[in-house]
Amino acid sequence: MPESVSVTLPDGSIRSVPTGTEIGKILLAWNPEGFRRYVAATWNGVGVDLSRPVTADGVAAPLTFQDRAGRDILQHSAAHLVAKALTEVVPGALPTAGPPTEEGFYYDFDVRPLTPADLDGVHAAMARDVASNLPFDRLEVDRPEAVELAGGNRHKQRYIEEIPPGETVSFYRTGSFLDLCAGPHVPSTKWLAGAHILGFSAITAGGEKDGEPRQRIRGIGFPTKPELEAYLKLRAAAEARDHRVLGQKLELFSFSDEAPGFPFWHPNGMVVIRELERFVTDHFLEDGYHEIRTPLLFAKSVFETSGHWEHYRQNMFITLADDREFGWKPMNCPGSMMIFQSRARSYRELPLRLAEFAPLHRLEPSGTLHGMTRVREFVQDDAHLFVTEEQIEEELVRLLKWIDRAYTTFRFTWSYELSKRPSQFLGDAAEWDRAETVLEKVLKASGIEYRVSAGEGAFYAPKIDIHIRDSLGRPWQTGTIQLDYQMPARFGLEYQGADGHLHRPVVIHRTILGSWERFFGVLLEHCDGRLPPWLSPVQVRILPLADRHEPAADQLAVRLRKSHLRVERAGSDETLSKRVRQAEIDRIPYLIVLGDQEVANGTIALRIRGEKGQKLLSEPDAIARMSTAVEQRAFDP
RNA sequence: GCCACUGUAGCUCAGCCUGGUAGAGCGGCUGAUUCGUAAUCAGCAGGUCGGGGGUUCAAGUCCCUCCAGUGGCUCCA
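For the record, in the first sequence the residue sitting at position 311 is 327 according to the numbering used here, with numbers rising by one throughout.
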C-alpha cells in the first residue's frame with residue numbers, strides 16, 4: 017500500500033495525504049467552513065461516511081443538508097435515532113425498514129400498537145441521545161456474522177438474505193443500538209439536533225391488503241433546532257389553512273355524520289362554485305361546446321355496455337327499483353355516448369363537444385374520505401369530445417392550452433402525469449399503444465414536462481392527469497384528458513364520412529378543473545381563504561361609521577349592486593376597529609367606511625385586502641377599480 | 001376497506017388518569033355605547049358529554065359495540 021494517496025477536491029485541486037486519512041478530515045482541511053455542515057461525503061461519486069479512510073487515489077466531495085443526497089442521509093440517520101429510542105421505550109419492538117422520504121423519513125416497526133405515551137418516551141430518549149453525541153460507527157461483516165448481529169430480528173435476517181452476493185454487508189452502531197444499514201450516516205447524533213417526530217400510524221407491511229400490521233413513526237430531521245422550529249411554524253401555518261377549517265369559518269360548506277362524504281354547500285360556497293362554473297362555461301360558445309344533461313341513474317345494462325359493471329362496480333352506489341338494478345352514475349360518459357348514439361351522425365358534426373356538469377356518485381372507501389378533496393358526490397366540469405382520428409391532436413393541443421390558461425388564473429403550480437394501460441383494461445393492447453403514443457406525442461410537441469405512470473390509466477383509456485398540491489404538500493388529481501377508443505366501440509358509435517362509409521369516432525373525456533369540490537378545496541388552501549375578488553362570496557362590505565350613516569350606506573350598496581358587485585352592509589353597533597377586524601377575518605376583498613366626510617364629499621374610503629391603509633376615491637373610480645378586478649378575474653383585489 | 005387515535009355548548013377547548021350536581025373563551029341574544037381602519041362594557045340564553053349496551057348505590061369519566069372524524073396504509077375516471 018502506498019504511503020500517500022492523491023485526492024481530487026471539488027474545486028479541481030489535488031491533495032496528497034497519508035493513506036488511511038479520513039475523508040472528512042481531508043474535506044475539512046480543504047474547507048474549514050464545512051465543520052458541522054458536512055453530513056457525509058462522496059468518494060468517486062459514491063456516498064460514504066466522513067470517517068471513511070482513503071486508501072487509494074480518487075475524487076472526494078462533501079455532502080451537506082442542502083444536497084438531496086445529504087438531506088436523505090440526515091433523514092435516514094434520524095430514522096436510526098427513532099429506532100434506537102423505540103426499542104428502548106418498548107422492549108421487544110422489532111425495527112424493519114426506515115427510509116428517507118420526499119419530506120422526511122419514517123421507520124416501520126413490528127410491535128404492539130403504539131400509544132401517544134410511547135411517543136413521549138421516544139421524544140425524551142432522542143433528546144437524551146442527541147445530548148450524548150453518540151457516534152454512528154460502521155461495521156462491515158460477513159453474512160454469518162450479520163445474521164448473528166441481527167439478533168433474532170427475522171425482518172433484518174430477511175433483508176440480509178436479500179442483499180445481492182458480493183455486496184458488502186454493514187451495520188451501524190449508535191450507542192447500544194445496532195442496525196443493518198448500507199449507510200452512509202452523519203458522524204454523530206449531534207447532527208440530529210433538529211430531528212422530530214411528526215406522528216405515528218398503523219400500516220400494513222409492504223402496502224399489501226393482507227400484509228402484516230406494522231407501526232410507522234414518521235418524522236423529519238434538520239441540522240439544527242432553529243431550522244426545525246422554523247419548519248414546524250410553517251407547518252402549523254399550513255395546517256391552519258386546512259380547507260375544512262376555512263370552509264367552516266367562512267361558512268362555505270359543511271358535512272354531516274348522516275351523509276358521510278356528501279358535501280353541503282352553504283350560500284357562500286354556492287356563490288363560489290357558480291362562479292367557477294361560469295369561468296368554464298364562458299368559453300362554451302367560442303370553443304364549440306354544447307351542454308347536455310343525462311340521467312343520474314341508469315339500468316345496470318348501460319354499465320354492462322360501458323364496462324363499469326365489470327370494472328368499477330365496487331365503487332358504485334346501486335339502487336333497486338321495480339325489481340331492476342340501477343346504478344348511480346360514477347361518470348358522465350355513458351350518457352354522452354347515448355346522446356351521440358341517439359341518431360345518425362355525419363362527419364360534418366365532428367368534433368362534437370358535449371359538456372355535462374352532473375352530480376356523480378362514487379362509493380369511495382370510507383377511510384379515504386377527506387373533506388372536499390375526496391368526497392362521494394361531486395360535480396366536475398366534464399365534457400366528451402367526439403372526434404375523427406385526424407382531429408385528435410388538434411383537440412388535445414387546444415385542451416392543454418386551456419389547462420395552462422385556467423391554472424395560471426388561479427396561480428397554481430401544477431404537474432402533468434401520463435397514465436398508461438392498467439392491468440385490467442378494455443379492448444386490445446394495440447389500440448392502447450396507439451392512444452398512448454398520441455398523448456405522448458402531443459405532450460412532447462407542447463414542450464410539457466410530465467411523469468409517466470405505468471398501469472395507472474382508466475380501465476377504458478390512457479390519460480394525462482393534472483395534479484396540484486394542498487397546503488401540506490399532498491398531491492391531488494384535478495384535471496384529466498383521456499383518449500378513448502373503447503367506449504365508442506362498446507356503444508357501437510358511428511358517423512358517416514365524406515367517403516359515404518361509416519366510421520367510428522374517437523372520444524376524448526376531459527375535465528379541466530376536475531371536480532368543483534376538490535378544486536375548490538385545494539384552491540381555498542392555496543389562497544388561505546383569500547379568494548380572488550371574482551370568487552369572493554361577499555366582494556364589498558360597507559361599514560357605516562355611526563348609525564346616522566346607515567341610510568347612506570344602504571343607498572351606496574344599491575348603486576354598487578347595479579355594477580354587479582356582491583355587497584353587504586354591516587351594522588354600526590360595534591366599534592369600527594372591531595368591524596374592520598371582522599372583515600379581515602372574513603377575508604372580504606373590499607371594505608368601504610362611510611362617515612361624515614364621505615357623505616359630505618361623495619367620496620369612497622376604500623380599504624383593499626392585502627394593501628396597507630385606504631384609498632380615497634370618487635365613487636365612479638372606486639366602482640371601476642373593483643369591477644375591473646372582478647371582470648378580469650384578477651387573483652388579487 | 002385496514003390500523004391507530006379522537007368525539008364535551010354554534011366554534012376552540014378544560015373536566016376523564018384517580019367515578020360523586022357540566023366549565024371557560026370566542027360566537028349568539030338583550031341593553032348601554034355611535035365610534036375614522038385588526039377585539040367597548042354589562043347581563044342572558046345555550047350541552048341527553050357522538051348513538052346503543054354494560055359495570056356500579058352512582059358514569060362525561062371505567063368496559064364493550066356501532067357511527068363519524070383525524071393521521072397514515074391500500075385504493076382513487
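Simulated from the structure, these hints should not be mistaken for laboratory data. Please read these numbers as outputs of a predicted model, since none were measured by experiment. Some hints here could point you the wrong way.
Below, in silico cross-link-like pairs of lysine-lysine (DSS-like), each with a Cα-Cα straight-line distance of 25 angstroms or less [to be verified]:
id : residue 1 : residue 2
1  : K206      : K265
2  : K241      : K265
3  : K457      : K417
4  : K460      : K417
5  : K206      : K41
Quick check: which numbered hints come out false for this structure? The structure conflicts with hints 1 and 2, although it agrees with all the remaining ones.
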